[in-house]
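Q: Build out the structure end to end from the sequences listed, making use of the hints.
Here the protein sequences line up with chains A and B, keeping their order. Numbered by the UniProt record's numbering, the letters in the first sequence go through residues 1 to 91 in order. Numbered by the UniProt record's numbering, the letters in the second sequence go through residues 1 to 150 in order.
Treat the hints as calculated values from the structure; they're not laboratory data. Given the structure is predicted, the values throughout are model-derived calculations rather than measurements. Positions of the beta carbon are idealized from the N, C-alpha and C atoms, including for glycine. Hints are supplied without guarantee of correctness; some may be wrong.
Label-pair restraints from in silico Cβ distances [said to hold, decoys possible]:
no. : chain 1 : residue 1 : chain 2 : residue 2 : range
1   : B       : Q140      : A       : D31       : 27 to 35 Å
2   : A       : G40       : B       : Q140      : 38 to 46 Å
3   : A       : A88       : B       : D42       : 15 to 23 Å
4   : B       : S21       : A       : E22       : 36 to 44 Å
5   : B       : S21       : A       : P60       : 25 to 33 Å
6   : A       : V30       : B       : G38       : 38 to 46 Å
7   : B       : T137      : A       : Q50       : 46 to 54 Å
8   : A       : E35       : B       : G127      : 25 to 33 Å
9   : B       : P89       : A       : P90       : 21 to 29 Å
10  : B       : S113      : A       : D31       : 24 to 32 Å
11  : B       : G127      : A       : E56       : 22 to 30 Å
12  : A       : K23       : B       : V109      : 19 to 27 Å
13  : B       : K78       : A       : R47       : 33 to 41 Å
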Amino acid sequence: MKIVAVCGMGIGTSVLLKMNAEKVLRALGVDADVEAADIGVARGMARDAQIVLTSEELAPEIGDVPANVIVIDNFFDLEEITAKLKAALPE
Amino acid sequence: MSETLADELSDDAIILRAEASDWRSAVRLAGDALTATGSTTDEYTAEMIRAVENLGPYIVIAPSIALAHSRPSPAVLKTGISWVSLASPVEFGHSANDPVRLVVGLAAVDHDSHLATMSNLAGVLSGDIDRLLEATTPEQLRALIRENTQ
Numbered sequence: 001m002k003i004v005a006v007c008g009m010g011i012g013t014s015v016l017l018k019m020n021a022e023k024v025l026r027a028l029g030v031d032a033d034v035e036a037a038d039i040g041v042a043r044g045m046a047r048d049a050q051i052v053l054t055s056e057e058l059a060p061e062i063g064d065v066p067a068n069v070i071v072i073d074n075f076f077d078l079e080e081i082t083a084k085l086k087a088a089l090p091e
Numbered sequence: 001m002s003e004t005l006a007d008e009l010s011d012d013a014i015i016l017r018a019e020a021s022d023w024r025s026a027v028r029l030a031g032d033a034l035t036a037t038g039s040t041t042d043e044y045t046a047e048m049i050r051a052v053e054n055l056g057p058y059i060v061i062a063p064s065i066a067l068a069h070s071r072p073s074p075a076v077l078k079t080g081i082s083w084v085s086l087a088s089p090v091e092f093g094h095s096a097n098d099p100v101r102l103v104v105g106l107a108a109v110d111h112d113s114h115l116a117t118m119s120n121l122a123g124v125l126s127g128d129i130d131r132l133l134e135a136t137t138p139e140q141l142r143a144l145i146r147e148n149t150q
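A: In structure tokens:
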């Protein structure tokens, strides 16, 4: 399972999102590779990812990718991230 | 554990209960604090503002919290962080998380040097930030951050 956390610059919000997504995935017992990326390289990386995590503003920028694009409102809310990831993970 | 967030926030990096008329002045304050610590030049502040102009208010990453930042560039002299609490909440135009009461400024020289800081920041900001916003002196803020550090 490959997950890409996307932000505008690749050093700030995507890093926080990656850290909290990893926390959630560990708690769920899911083995996944989470990478942080800026919007410029995200489109390429998202091509072979199953899930893309990002914010509402940036979601349209990702464009048409096979990955499931999930919008996170509160990057610190582990419950929100857990609920949205759970819904997107394969059974 | 290396340096904690409280250790990284020197007096120069902290502006408390600041007056900002709009999101640009709020981001500028976070940039000024980064510059005051020797982390960035004024150009980085301009880059942070351009980032929001170009990509939208996605830096408002949680209710009340904006993470002002740009990318590694010559305007970043060393990796650093700043903390600006606002006297009055400011609208950034975010659909879910407005208005903003705390702007954290972030500058990084590369993609790895700030990871410990980010991890600390996530730990501190996941807790109750209302108390952090009540701080009126840097000493008080650092003490509250230490209490929130997991």
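Q: Which of the listed hints are broken here?
A: 1, 3 and 9
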